[in-house]
Every structure is written in C-alpha cells, then in structure tokens.
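Peer 1: When you get a sec, could you build the whole thing from the sequences and use the hints?
If you want the building blocks of each chain, they are given just below.
Protein chains: 2
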Amino acid sequence: MNPELEEAKELIDQHLDEEKENSDLTPSELAQHLKTLKKHDEELFTEYLSKLDPEVLGDVAIEMPDHMLKDVIDTLPSEKIVEALEELESDDATDLLQYIEEIDEEKAKELFDGLDRENQDEILRLRSYGEDEAGAYMQTELFSAKLYEKLGDAVARLRQLKQDGELENVSQLFVINNAGVLQYAIPLEDLILFDFSKRLAENIQSTDPEHYKPHTALDSDNIKDVVSVVQDYDLSVIPVVDSKGVLLGRITTDDIHDIIQESATEQIYNLAGVDDEAEEDDTLVKAGKARAIWLSVNLMTAIFSSFIIGLFDQTIAAYVALAVLMPIVASMGGNTGTQALAVTVRRLALGEIEFKDAKSVLKREVSISFINGIIFGSVMGVIASVWFNKGLLGVVIGLSMIINLFFAGFFGTIIPLTLRRLNIDPAVGSAVILTTFTDAIGFFSFLGLAKWILI
Amino acid sequence: MNPELEEAKELIDQHLDEEKENSDLTPSELAQHLKTLKKHDEELFTEYLSKLDPEVLGDVAIEMPDHMLKDVIDTLPSEKIVEALEELESDDATDLLQYIEEIDEEKAKELFDGLDRENQDEILRLRSYGEDEAGAYMQTELFSAKLYEKLGDAVARLRQLKQDGELENVSQLFVINNAGVLQYAIPLEDLILFDFSKRLAENIQSTDPEHYKPHTALDSDNIKDVVSVVQDYDLSVIPVVDSKGVLLGRITTDDIHDIIQESATEQIYNLAGVDDEAEEDDTLVKAGKARAIWLSVNLMTAIFSSFIIGLFDQTIAAYVALAVLMPIVASMGGNTGTQALAVTVRRLALGEIEFKDAKSVLKREVSISFINGIIFGSVMGVIASVWFNKGLLGVVIGLSMIINLFFAGFFGTIIPLTLRRLNIDPAVGSAVILTTFTDAIGFFSFLGLAKWILI
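Line by line, the protein sequences give chains B and F. Each residue of the first sequence is one higher than the one before, counting from 1 in full-length UniProt numbering. Each residue of the second sequence is one higher than the one before, counting from 1 in full-length UniProt numbering.
Hints may contain errors.
[To be verified] List of simulated lysine-lysine pairs, DSBU-like, C-alpha gap at most 35 Å: (1) K224/B with K363/B; (2) K70/F with K224/B; (3) K70/F with K146/B.
[Claimed, not checked] One-sided excerpt, in silico: chain F residues whose CB lies under 8 Å from chain B: (4) V170; (5) Y269; (6) A287; (7) I371; (8) I374.
It should be emphasised that the hints constitute simulated quantities derived from the structure, not laboratory data. In this text the structure is predicted, and so the values were computed from the model without any measurement. Virtual Cβ for every residue (Gly too), placed ideally from N, Cα, C.
Peer 2: Printed below as a string of structure tokens:
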C-alpha cells in the first residue's frame, strides 16, 4: 500500500476508534485525509465516507472540494445527509446546502424537503441575506431569556439545550422583552454570580443595568463594519437584531476570525490581480480565467506605455542608451508607488484613515516618495553618467526619476482613496491603474527630457 | 474655535461626563480626539490629558503615537501613570512600559519601581519572552481553581476578583492540581450547570472528563502556530503552560484578532517592500529609510536588467520597434508572476500548503501561467505584426511572452516555497527577486529571439 495512503487511513481509523468528541483531527484535516484516500483508492474512500458519524459529516463536508462533495451526495443515503445538516449550526447548514445546490440542484431540493420545518425556516431566512450582510453570517442558535423570567428557569433551559446538543459556544445570555426586542446581554462570568432564584430583571437592577446594554449589529449591516465593532470593543460575540431591535441571532468569535482572514486574503489577492473566489475552485479554468481578465487590462495599459515610447522612436534610434536605461525609471516608479499603495489600501481597510484624511496622508506619502526620488535620482544620475560617460544623460535620468517617484507617491495614495470615495474596493484594480501612471510618466519624462536636453 | 477641534473637545467632554464604563468612545478613538486637540491647542490637550481616569488612561496611552506618549510621561505625575499601568492587564502593561522605555529609559525604570511587587514580577516574566513566543502574548490574569476545591468557593473567588476589577473576559475555569499543572478547562456554559456545593473533581467525574481536556499552548510556541490551533479548533481562549504543564496565563480571542490582523498587514507590506513596524512610527524618517532599503535592492536588480538590454544595443539600434515593445514582455511577465506569488505566499501563510506540496502547487501555477502565456503571446503577436507591419516581429514577441510567462509562474511559485523551506518569511523580498527574473528573462528572450530571427 502507498505510504501516503496508509498514513491517511491510519489517522482516520484512529479518529473513528476514539470518542468522537475528542479526536484531535479537525474537520479540515479529516477532509484532507479523505482526499488522500480518494486519490489512491476510490473504493476505500467510499467505505470510509459511509463510516463517518452524521455529527462529524456536516463539518467535514463543508471543508471538501466540489468533486468530493459530489461523491458524498452521490453515494451516501439522503437521510444521512439530512441528519448531518440538522447537526450543523444554522449558518453552516445554510452554507453546505448552498454548496450542494451548486453541484446538484435537484438533490439540494430533496435534502431541503427532508429537513424539519424549523430548520427549513432558518435556512430560508439566512439565505435571504446578501453575502455582505451581517445576517448571512449569524447563527440562530443562542441562549436567550425573558426579562421577567426566573434565572433558574433560564439555566434549566440551557441545560436542556446543551443536553440535546443544540447549542455550543455560549458566552452570553441575551435578555429580551415580550416582543423579542433585545434588552441586555449578560456575560456568563457575571451571570454565574447572580441569584438564580430571582427574576432576571431583579438581578440586573441590583447591579448596574447600563453595564449590560449590548453592542448590536443590524442584520442588514455590512459584515466588515460588524468586524470593526467586534475588534474595537474586544467583543467575544455580537447579537444580531432587525430594524425593530428584535433578536435574530449571534455572530461568534470563530466566525469573526474567519472573516478577518478571508478579507485579508481578498485584499492580498486583489492587489495582485487575483480573484479569491475563483482560486478556491479546484479546477484551473475559473482561476485562470479570472487571472486572464486582469492580464488583459494590464496588456492594454502596457500597450499604452509602448505608444508613449513610440512617440520617441527617433530619439531612441539616435541614442540607444535611452532604451537601455528607460526600464529603470519605470521600475523604480512602480515600486515606489506600490509601497504607497499598499500602505494606503491597508490603512483604509483597518479603518485607520478615511477619504477625509486625504490631505495628511498625501503629504506623508508624497514626502517619502519625493525624498527617495531625490536620493535614487542622484545615485542613478551618477551611475548613468559614468556608465555611458556622458554627464547630461545622468541629469536626464536623475530628473526623470525625481519626477516619476514624486507622482508615484501621489498616485499610489490618491488612487485607493478615490476608489474608496466611489465605494469601490480600494484593492481592486488599483495596482494596474498605478503602473499605468508610473510607466507612462516614467517613459514620457525620461524620453521627453532626453529629446529636449540631449538632442 | 476650529470646527475639528471643537468636535473633538465635545466628544471627549461627553466621554468624561458619562459613566466611564459605558462611554461609546474606544481607547483608540479617544487617542485620536486627543491628537486633534494637541494639533490645535497644546494647552487644552494637556488639560484633558490630566482629566483622564487612570482606568482609561492606560488603554488610551497604548494607542498613542510616540510624541503624544512623551507628553503623557512629561506632564502627568508618575503616581497616576503607575496607577494606569496597574489597571491594565499584564500583557498590555508590559507593552506600555516597553513603549515608555523606548522614549525615556529613566522614566520607565522609575515607573517600574513604583509598581507593586506582583505586577513587577509579571512584567519581568512577560518581558523575558521573544516577540514571536506565545508567552509574550498571554495575560496572567485568569480564573483558576484546584481540583479538590469546592466549586462554590471558586465562584466566590471569581466574585471577589471581579469586584476588585482584576479580571475581565472570563470564559473558562482552568482547573489545576497542587503543583499548578493544568488538568481541565471548563467553559462557563458548562460550569453554570455544575453542582456548586460539590468539589470540582466530583463535578467533572460525573460528566465526561475527556471532554474537558484543554488544547494548550506552550509559552515557547510560535504565536503564529498558536493562532492556527485557535482557528482550527474554534477556541475562544487558549491556556498557556510551561514545559512541565504548569498554567502560566491565557491568550484571549481579542488578542488573537489583533495578531491575525497584524500578520495580514505584515504580509501585504512585505510583499510591497514596506516594513510594518517602521510605518507605525509617526515621523517619516524610519518609514522612508525602510522603504529606501527595498528600493536600493530594486535599483540593483533594475540595473542588472539594463545590462541585459545593453547586450543587445546593436540589435535595438538596427530595429527601434524592439525598444518600443520590450516593456510589454517584462510587464506581462511581472504581473503573471505576481499572481502566482500572491497565491503561494497566502496559501503558505494560511497553512493550506507546505514545501512538500511543491510539486502539485507548481503544476497548478505553471499550467495557469503557461496557458495565459499562449493566449496573450498570440494576441500580442498579432497586434505587433499589424502595428509594425512585420509578421516575424509578431512571432518574436509571441514566443518570448510564452517563455516569460511560463517562467513567471514557475518563479512566482518556487521563490516563496524556497524561502519558507529556508525558514525565511516567504513574503519578504520575494516580489523583488521575482521581478529580477521576469525582467531578465523577458528582455533576454525577446531581444535574443529578435537578434536570431529578425537580423
């Protein structure tokens, strides 16, 4: 047996042997090992797939690439998948059903029909939100109690919910009024010190009620704003309410982690002209296509720069050193601009700056770029004069680098600020727009100055 | 009065008026408003600084730029700063004292001497860790109990700790043996259902003890690995132990958020040739210097590319169209390589791939780049033939683009993989190394083919 296959099989065996709750394999690790099985031995893979407990199956299925998820829906009985869906928290169940629908719409409908009414309603509600809305990220499972309920009764309900395995990661009790409107959120660390025989309202009044007024998210809020609130106030969970204040669900800290990671990935990819969602796909077609789109844009801007060079073909023909040196001016401008761009994009994303800070941010970035322009313009001026034994060539490249680095800092800052102002993600496309400017200005200033000074 | 100043003053006034605990200004917002005050009216700034409560002062001071922190230590009495340090959680107090030391070593020593013994010991311990070690990120304030203690007694202690304001964000009770070795971690959601009149050991035995075996971090673990564990197992807090298993502290979820954000910033900045720590400094000198270092490296690689172009100066002189077109080949290669680079760096950071996956990752990336090379090589070939009315020129640029994009995908993937293999951060310097290759290969293949085919 292949050693890689053997290791994967052994690890899954261990997992199946142990108490399920305590296996040290995470769902994503299990999915990884199953993938190894499938790679080497399709039958063994199907066998182990059917051995998975419904309690684990849902979490593992979420981590699977499409072609494996297809095997799950093709080989496992629908009842088992329905059970797995019901074991998941509402937000995860909604996601998994969505993935299944993308593979096999009929099957997704069949599975949905198999769910009990309550689960169906929750999934329908969660699916009604847009992908940037806080509502799409919440889970509807939570621990809540009425204001005039006895705390002991609420705790008894928590016991039942936990015994039924319907609730995990509880860190707060959400207190609502009769209309379901959220009034207070009480951390368990305070709740444990309350008098269980008294009503919640009495317990709260006897302390500092203001202290328990929660930070909330509207279900229609942008999820990125919700993440900012969670981070600014160091929250471990945030309740989600509708426009009337009615408690709908909660977003827990592990989801916040994931959102932070995903938006960082999105930023890095967007800056590089890569689409994060297309890259997740296992086939190369989607990723390649998405990358090709950005390359097309880049090709057009590169051709535009070539036109500018073409304006000076006589100058270059008369003095070939210009062709040798011109990429240096463009490259240094591109890099200087990218530095300013990365800092501005990131500071915008972290909420450290906004469009209204444009003046002070521009001042900072342009100052740095301009000073570096003077330094590197001078250095390169000396190098070029010596290399080609012509002082005026040094003056030309030095001046053009100062000009280009100055504008690189300016455009590297103003492009993302302007995109943000237009409500466009400042990371998308800004690198391509930037290099269009730095290439064009670099070639034009260098060859233009050369034509004027040298010839 | 300046409207900006007026707004800031008003907001701080509101904050000072309200119940301190419930002001909706975060420490970073307060620091921001104070900065506005300082900008317009130095005296008013000093006045408001002295109005801040020690409980808030520490959190605000952490968010301040160096020049404002200097005002704090110069104008406020040492006793007040000592009080603010004691109000902070141990990890934050250690950080703040570190910042103060960087400004005024004498003052930091004086403040440290003013702290009580317990706080001094904690700070000394936390400062003994390296900046990548988990120990440096933990707080020593936590809720723990002995195995044979009555749960009711432990909860009474929690009440006292909370009344004294010494403990926040409690989500687990850590159960230790007499030697201080961590045995179990019990989420408060389970603890609340336990029998308070029984010992912890009895309570735990009556449920599933295995369920309460915690995931732990060693104090010497790399903090990035700890973040992975927290994410993989969706933890809300992780206890930190020494090599003997003795409980030392805990890392809470808000710190994990910050670490995730910071390492994403570091990655984006490193990819762009920017130093994240230097950028935090308010003066331009540090940031400008750090950026200049990367620009120097870039200048050297750009000069290297120019040498390659210089090898073909006769060819260019004979055929100026080559100078017009050559930046397109280099630019498309650079962009294609950057796409592969960003994806590889990010997937390495997220733990999705490792060096041992090099073969499959390379296959994926090179396939995408090569296919895009064929597409864009063909497109550009046609454009160039028509533009300069010379079919062979189209063949030259088409072939060189296919070659360059193929190698762009290869180097964009292999560079970060190799850096990781050498235990160097794959984001640092990889973009500069990459463009050295894509520029050199682009110019060499294009001009070389031109010399061979055209002339």
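Peer 1: For each hint, tell me whether it holds in the structure or not.
Peer 2: Structure-based check of all given hints:
With a C-alpha separation of about 28 Å, the suggested pair K224/B and K363/B falls inside the 35 Å cut-off, and the hint holds. Taking the CA atoms of K70/F and K224/B, the gap is near 34 Å; set against the 35 Å cutoff, the hint holds. This hinted pair does not check out: K70/F and K146/B have alpha carbons roughly 50 Å apart, beyond 35 Å. With a least beta-carbon distance of about 4 Å to chain B, the hint placing V170/F at the interface is held under the 8 Å criterion.
At its closest, the beta carbon of Y269/F sits 6 Å from a beta carbon of chain B; the interface hint therefore holds under the 8 Å criterion. For A287/F, the interface hint holds, since its Cβ comes within 8 Å of a Cβ in chain B; the closest pair sits about 6 Å apart. At a threshold of 8 Å, the smallest CB-CB gap from I371/F to chain B is about 6 Å, leaving the interface hint in force. Below 8 Å, beta-carbon pairs count as interface contacts, and I374/F has none with chain B, the closest being about 11 Å; its hint is therefore violated.
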